[in-house]
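Trainee: What follows is the residue order along each chain.
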Amino acid sequence: METEVEGLLRRLETLRDAFAEPPTAAFLTKLDEVAEFDPQWHALASAARSATTESLADEWMRLFEGPGRFPVVLFGSYYLDEEQLMGPSTLGVLDAYSRWGLEKSESTPADHLAYELGFLGFLSDRCETAESPEERERARRERDEFVTKYVANWVPAVAENMEAHSETAYFRELARLLRGEIAALTAS
Amino acid sequence: MKLTRRQFIGASATAAATYSFWGIGRYALAQSRSSAISDATPVDKVLREEKTFYTSDAFCASECGLKVTTLNGVISTIYGNVHVPYNAGTICAKGGSGKQVIYSPYRLKYPMIRVGARGEGKFRRASWSEAAAYIATRLEHIKKQYGPESVIMDGGDMTDQDPYWRLFYTYGTPNCAQHGAICDTPRRFGPQVIEGGMRIEPDLMRPVLVRQPDGSLKNDYSYANKMVIYVGWNPFVATRINYESRGTLAAKANGAKIVVVDPAFSNTAAQADWWLPIRPGTDADLFAAMLRYIISNNSPGDPERNYIDPTFLEYSIGWPAFEAAFRSWWNKTDPVNGLPYFSLEWTAQRTGLAASDIRELAHEFGSTKPAALVWGMNGTGHHFNGEVVSTIGTALNVITGNFDAPGGVIDTALVRSNKGGNNASDYIKANPAQRVVNGKTVTGTSWDLEMDNNGAWPAAFWGALGAYPKQFAEGVQIQYGPFAGYSYPIKAFVVRGGNPILSASTKDRWSEVVTAKDASGAYKTELMVCIDTAYLETGMYADVILPEASYFERMGLSDIYPSEPVMYLRQPVVEPLFEAKNQVEIMNLLAKALHDAGDPDIQAKDFWGKYHVQDDFWNEALLKAPGTTNVGKPLPYPHLPEGYKLLGTPDSLEAGRVQIDHTKQQVQGDPVTVDWLRAHNGVAVWPMAWYRQLAKSGGIIATKSGKMEFQFGEMEKINAFMAQSGGKTPYMLEKTGMSQFPTTFFWYETVWNPYTNSNYAKYRDEYPFQLISGRIHQSMSATQYVDWLGRISEEHLWMPLNDDKTYHPTVVDATGGRQVAGVHRLRAGAWSIAVIQMNAADGRHLGLQTGDVVRLRNPLGLETRGKVWLSELIRPGVLRVPPGAGNRMTPGMGQTYEYRNITPSSNKLLDPDLSSPITGMSSYNDMVVKVIKA
Numbered sequence: 001m002e003t004e005v006e007g008l009l010r011r012l013e014t015l016r017d018a019f020a021e022p023p024t025a026a027f028l029t030k031l032d033e034v035a036e037f038d039p040q041w042h043a044l045a046s047a048a049r050s051a052t053t054e055s056l057a058d059e060w061m062r063l064f065e066g067p068g069r070f071p072v073v074l075f076g077s078y079y080l081d082e083e084q085l086m087g088p089s090t091l092g093v094l095d096a097y098s099r100w101g102l103e104k105s106e107s108t109p110a111d112h113l114a115y116e117l118g119f120l121g122f123l124s125d126r127c128e129t130a131e132s133p134e135e136r137e138r139a140r141r142e143r144d145e146f147v148t149k150y151v152a153n154w155v156p157a158v159a160e161n162m163e164a165h166s167e168t169a170y171f172r173e174l175a176r177l178l179r180g181e182i183a184a185l186t187a188s
Numbered sequence: 001m002k003l004t005r006r007q008f009i010g011a012s013a014t015a016a017a018t019y020s021f022w023g024i025g026r027y028a029l030a031q032s033r034s035s036a037i038s039d040a041t042p043v044d045k046v047l048r049e050e051k052t053f054y055t056s057d058a059f060c061a062s063e064c065g066l067k068v069t070t071l072n073g074v075i076s077t078i079y080g081n082v083h084v085p086y087n088a089g090t091i092c093a094k095g096g097s098g099k100q101v102i103y104s105p106y107r108l109k110y111p112m113i114r115v116g117a118r119g120e121g122k123f124r125r126a127s128w129s130e131a132a133a134y135i136a137t138r139l140e141h142i143k144k145q146y147g148p149e150s151v152i153m154d155g156g157d158m159t160d161q162d163p164y165w166r167l168f169y170t171y172g173t174p175n176c177a178q179h180g181a182i183c184d185t186p187r188r189f190g191p192q193v194i195e196g197g198m199r200i201e202p203d204l205m206r207p208v209l210v211r212q213p214d215g216s217l218k219n220d221y222s223y224a225n226k227m228v229i230y231v232g233w234n235p236f237v238a239t240r241i242n243y244e245s246r247g248t249l250a251a252k253a254n255g256a257k258i259v260v261v262d263p264a265f266s267n268t269a270a271q272a273d274w275w276l277p278i279r280p281g282t283d284a285d286l287f288a289a290m291l292r293y294i295i296s297n298n299s300p301g302d303p304e305r306n307y308i309d310p311t312f313l314e315y316s317i318g319w320p321a322f323e324a325a326f327r328s329w330w331n332k333t334d335p336v337n338g339l340p341y342f343s344l345e346w347t348a349q350r351t352g353l354a355a356s357d358i359r360e361l362a363h364e365f366g367s368t369k370p371a372a373l374v375w376g377m378n379g380t381g382h383h384f385n386g387e388v389v390s391t392i393g394t395a396l397n398v399i400t401g402n403f404d405a406p407g408g409v410i411d412t413a414l415v416r417s418n419k420g421g422n423n424a425s426d427y428i429k430a431n432p433a434q435r436v437v438n439g440k441t442v443t444g445t446s447w448d449l450e451m452d453n454n455g456a457w458p459a460a461f462w463g464a465l466g467a468y469p470k471q472f473a474e475g476v477q478i479q480y481g482p483f484a485g486y487s488y489p490i491k492a493f494v495v496r497g498g499n500p501i502l503s504a505s506t507k508d509r510w511s512e513v514v515t516a517k518d519a520s521g522a523y524k525t526e527l528m529v530c531i532d533t534a535y536l537e538t539g540m541y542a543d544v545i546l547p548e549a550s551y552f553e554r555m556g557l558s559d560i561y562p563s564e565p566v567m568y569l570r571q572p573v574v575e576p577l578f579e580a581k582n583q584v585e586i587m588n589l590l591a592k593a594l595h596d597a598g599d600p601d602i603q604a605k606d607f608w609g610k611y612h613v614q615d616d617f618w619n620e621a622l623l624k625a626p627g628t629t630n631v632g633k634p635l636p637y638p639h640l641p642e643g644y645k646l647l648g649t650p651d652s653l654e655a656g657r658v659q660i661d662h663t664k665q666q667v668q669g670d671p672v673t674v675d676w677l678r679a680h681n682g683v684a685v686w687p688m689a690w691y692r693q694l695a696k697s698g699g700i701i702a703t704k705s706g707k708m709e710f711q712f713g714e715m716e717k718i719n720a721f722m723a724q725s726g727g728k729t730p731y732m733l734e735k736t737g738m739s740q741f742p743t744t745f746f747w748y749e750t751v752w753n754p755y756t757n758s759n760y761a762k763y764r765d766e767y768p769f770q771l772i773s774g775r776i777h778q779s780m781s782a783t784q785y786v787d788w789l790g791r792i793s794e795e796h797l798w799m800p801l802n803d804d805k806t807y808h809p810t811v812v813d814a815t816g817g818r819q820v821a822g823v824h825r826l827r828a829g830a831w832s833i834a835v836i837q838m839n840a841a842d843g844r845h846l847g848l849q850t851g852d853v854v855r856l857r858n859p860l861g862l863e864t865r866g867k868v869w870l871s872e873l874i875r876p877g878v879l880r881v882p883p884g885a886g887n888r889m890t891p892g893m894g895q896t897y898e899y900r901n902i903t904p905s906s907n908k909l910l911d912p913d914l915s916s917p918i919t920g921m922s923s924y925n926d927m928v929v930k931v932i933k934a
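Each protein sequence line maps, in turn, to chains C and R.
Start counting the first sequence at 1; every next residue gets the next number (this note's numbering).
Start counting the second sequence at 1; every next residue gets the next number (this note's numbering).
Quick caveat, the hints were computed from the structure, so don't treat them as lab data.
Quick caveat: nothing in here was measured; it's all calculated off a predicted structure.
The beta carbon of each residue, even a glycine, is placed where N, CA and C say it ideally should be.
Keep in mind that the hints are not guaranteed to be accurate.
Here are the in silico distance ranges between beta carbons for each label pair [to be verified]:
no. : chain 1 : residue 1 : chain 2 : residue 2 : range
1   : C       : E82       : R       : T850      : 28 to 36 Å
2   : C       : S46       : R       : K122      : 24 to 32 Å
3   : R       : E120      : C       : R141      : 43 to 51 Å
These stretches of chain C come out as covered by chain R in the derived footprint (C-beta under 8 Å, 3 or more residues) [unchecked claim]:
no. : stretch
4   : 85 to 97
5   : 119 to 128
Interface residues of chain R toward chain C, partial, derived using beta-carbon atoms under 10 Å [to be verified]:
no. : residue
6   : F21
7   : L29
8   : R118
9   : G121
10  : E512
11  : G539
Work out the full structure, taking the sequences as your base and the hints as a guide.
Mentor: Below, the structure is given as structure tokens:
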């Protein structure tokens with residue numbers, strides 16, 4: 001049986017990969033595998049299967065990258081710091097990564113949704129697997145604070161924008177899963 | 001292969017304890033090499049790291065020196081660099097808006113390859129290697145099939161394009177262009193042919209580092225100016241010459257009289273003692289009248305009329321013939337008004353100014369010493385006959401003894417520091433080339449294949465970018481030089497940091513030619529590449545987009561039109577975001593890809609094996625700094641030989657830490673380097689001579705003869721060059737009635753002006769408005785993505801006439817937790833947009849009110865639309881719009897796109913078939929329109 005944390009990590013990983021780049025064939029294969037064990041992901045995998053990789057990539061560009069104006073920005077500071085990148089909230093996120101000895105791998109701002117989902121995965125893991133109770137408690141506090149300060153206050157807006165502007169079931173379904181996962185983390 | 005659930009988890013990691021997906025793949029969060037920050041870490045190490053950088057802007061062509069502070073690697077504050085005398089600590093609203101550029105979520109982030117049609121704006125993300133290979137493969141195909149000259153590289157509107165020019169010159173094309181070709185070349189023609197320079201400006205940049213008679217060096221803040229006349233020039237708004245706004249005010253406070261000649265009451269006019277609202281396109285008339293008056297009324301014995309300083313005859317050639325040619329027009333009669341040319345009455349009729357005002361202006365300019373007559377971009381550079389204006393204007397400054405006199409005028413292009421030489425232009429000029437012309441194999445150099453100077457524009461010293469659409473459509477016909485008779489198509493267009501499709505001439509004509517297809521359905525221009533930080537209109541037509549590091553993320557050198565040799569560093573302030581790369585990296589990457597694609601001309605030793613980091617490239621460029629000559633009184637360096645070229649840092653030259661080469665007449669100090677600049681507040685300032693006019697040449701000039709040339713040696717050379725190939729007259733020159741380029745005084749009328757050109761008199765009643773443009777902060781092609789500028793209104797050209805609008809469904813409660821549903825709302829009247837400035841009386845006559853939407857239609861049937869702003873501050877019969885600020889079709893950045901259908905574009909109305917006959921400049925400000933209420 002998959003443990004609760006294993007399930008959470010798997011969902012966060014899949015969401016992170018879904019928001020990291022336009023869907024690749026490898027990702028869609030992996031998505032199929034996820035959906036095989038988790039009914040919540042059936043609709044997303046089904047939507048992916050009914051589309052082509054190219055059409056999903058086109059829609060990705062239109063929603064998230066443009067070029068030019070596009071309807072869904074995937075950076076927290078856009079929502080929290082007056083529509084600019086690298087605002088105070090970005091530095092807050094970066095500080096949070098630093099507190100746990102983590103650094104990002106690319107020149108993309110630290111508050112990209114994909115980074116934040118990965119960090120939530122890291123913290124969720126530490127909540128369960130850190131050696132000392134103090135460290136597990138510290139991870140729980142950090143996760144709660146991170147969700148409150150840097151995730152829950154803007155990610156629902158991303159989901160809303162995706163639902164409003166997407167022309168494909170895939171991205172609407174992805175928005176639903178994202179919203180649900182963040183809501184669950186917020187509730188926890 | 002089917003997996004079990006456990007196998008699936010195991011495929012990612014064997015157990016939760018080691019299942020660290022966050023550490024792998026794209027957007028990985030890896031263990032830091034430095035130790036983790038914990039609660040025990042001292043607060044000062046957690047909270048902030050503050051750094052200061054001296055760098056320079058490149059958001060607009062002014063390239064002001066900046067002092068930028070970063071906090072934890074993020075730009076915090078942007079101020080002017082007080083050590084750069086050009087802007088002396090000041091910056092404008094654009095300069096202060098840099099964060100909106102670099103930190104815009106809509107900047108270009110990744111290489112992209114087009115998946116839709118050109119102009120459609122559909123792209124897919126690509127890797128740098130894929131994009132580079134895509135470009136290289138096609139460039140190699142074009143090179144083999146059509147020759148490298150079929151590729152145009154446009155370095156755009158920034159002065160740090162040398163890495164790209166180096167690449168494409170080495171690739172083999174002689175066709176490297178830049179924004180200068182569509183900036184104001186007619187304005188530069190007169191200085192170019194008479195004294196070898198480019199830009200005549202008033203001598204009022206302060207401070208200037210001046211060698212004093214006692215040998216000391218002093219930052220001089222004194223103003224010797226007594227009169228400054230700005231004609232069609234508005235330095236108080238968005239100009240390259242930043243210092244002229246503060247310098248003009250200081251000179252005025254010191255007693256100088258400021259005169260502005262402009263159809264509109266500009267911000268500069270608002271500071272002037274005298275505003276003359278001239279009719280558009282008649283600056284040549286005014287200058288000719290001033291020259292006639294000064295020549296006619298000069299009286300050396302009369303202190304009131306001692307207009308001409310005869311010493312100019314000692315250091316000039318050709319004046320008697322120039323004057324004779326000028327006088328030969330005095331008895332001719334103008335077919336439009338029946339009056340003798342250049343008389344006060346003739347000028348009054350054409351300019352709409354009072355004859356008494358024209359006489360007074362000529363008298364005051366002639367009798368006031370020192371005085372400066374300065375003409376600008378809009379008034380001169382953007383009219384068909386701007387070359388006439390700048391020639392007479394230069395002559396006026398020279399014969400009155402104001403050239404290089406303290407407080408007079410200075411050609412800033414001649415005194416500034418050199419910063420180049422590694423763009424491979426020497427290589428392309430010497431590179432042997434062979435082509436088959438009319439069945440015969442002909443040998444020459446690659447430079448002999450250059451499309452403009454060997455083609456339809458032999459005298460276009462910056463190229464004829466505005467006329468490119470004709471050559472895209474018809475191909476390049478080489479008419480002169482060894483390859484005369486050869487033709488080739490344009491097959492690739494690589495644009496970096498410019499937006500020619502919107503701004504070079506008419507967008508419709510540009511988009512037509514770059515989307516034209518052959519019989520097989522393939523684009524005739526096989527490759528379009530756009531390299532930029534922002535997604536502008538030209539990017540919409542690209543096959544490949546390469547994201548360039550912004551000016552806060554890359555290196556370069558700035559030396560913009562100062563009154564003394566100055567060089568300042570643009571240094572990276574922050575690391576490039578996303579996958580953006582700097583120019584040297586992109587040059588090397590494309591070079592390597594071309595090499596791998598089999599290009600024998602591209603070798604490691606010239607690119608990636610030579611320039612390992614961008615410092616290497618710019619250090620080499622700095623080897624030629626300052627490159628100025630030790631002339632004037634007192635000499636800038638009295639202890640160094642007079643007339644010798646100066647190379648090296650200011651401190652080494654001052655200390656005499658030099659090697660003197662008497663054969664080359666050259667003094668070499670310690671080379672200027674990027675590190676030296678970093679250690680000296682980002683800037684090198686070399687001293688100037690206070691009395692430059694006392695140099696043996698009468699000033700700092702750069703003509704071949706070493707004298708002021710009223711007999712234009714450069715044009716004689718070009719005429720001889722054309723004659724060697726049969727002497728065919730270039731098609732645009734032919735329209736003026738001339739068969740050769742002028743070598744002394746010349747005259748032709750501007751176009752689309754019913755008041756001065758009989759060919760257009762018939763349009764006066766039906767098209768009663770002259771349409772001109774006025775440059776403002778928001779006029780730069782890329783300025784539009786600074787939304788903050790929408791909150792500023794400016795000069796009745798950029799005014800809060802927005803429609804009520806909602807946008808960006810984004811906002812959340814700043815306290816966190818609760819999402820605020822909804823959207824941003826811009827109430828009507830809250831946001832400035834490009835408008836049409838119209839005289840209030842004209843508006844009333846047409847029954848218009850401010851805010852009404854109108855259509856402007858010209859005799860060619862072309863239209864644009866926008867809202868009118870009724871104003872008392874513009875001459876009746878004239879409409880003015882900001883260039884580049886309206887009808888923006890790229891969904892790039894900023895609100896301007898949202899208002900594209902209610903904002904005007906003057907470029908849509910310009911005549912696409914006319915460019916200035918000598919310099920090839922688009923005639924942006926020559927058009928008449930009627931106003932139709934929408």
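Trainee: Please go over all the hints and tell whether each is borne out by the structure.
Mentor: Against the structure, the hints:
Our hint of 28 to 36 Å for E82(C) and T850(R) holds, since their Cβ atoms are close to 31 Å apart. The beta-carbon spacing between S46(C) and K122(R), approximately 26 Å, falls within the hinted interval of 24 to 32 Å. For E120(R) paired with R141(C), a C-beta distance near 50 Å keeps the hint of 43 to 51 Å intact. Chain R is given as covering the stretch 85 to 97 of chain C, and this holds because 8 residues of the stretch bring a CB closer than 8 Å to a CB of that chain, at least three being needed.
Counting residues of the stretch 119 to 128 of chain C whose beta carbon lies closer than 8 Å to any beta carbon of chain R gives 5, which meets the minimum of three for the stated coverage. At about 4 Å, the closest approach between the beta carbon of F21(R) and any beta carbon in chain C falls short of 10 Å, and the interface hint on this residue holds. With its C-beta approaching chain C no nearer than about 4 Å, L29(R) sits inside the 10 Å limit, and its interface hint holds. At its closest, the beta carbon of R118(R) sits 14 Å from a beta carbon of chain C; the interface hint therefore is violated under the 10 Å criterion.
A cut of 10 Å between beta carbons decides the hint on G121(R): the least distance to chain C is about 6 Å, and the hint holds. With a least beta-carbon distance of about 22 Å to chain C, the hint placing E512(R) at the interface is violated under the 10 Å criterion. For the restraint placing G539(R) at the interface with chain C, the shortest Cβ-Cβ distance is roughly 7 Å, inside the 10 Å limit, so the hint holds.
In summary, the numbered hints that this structure violates are 8, 10.
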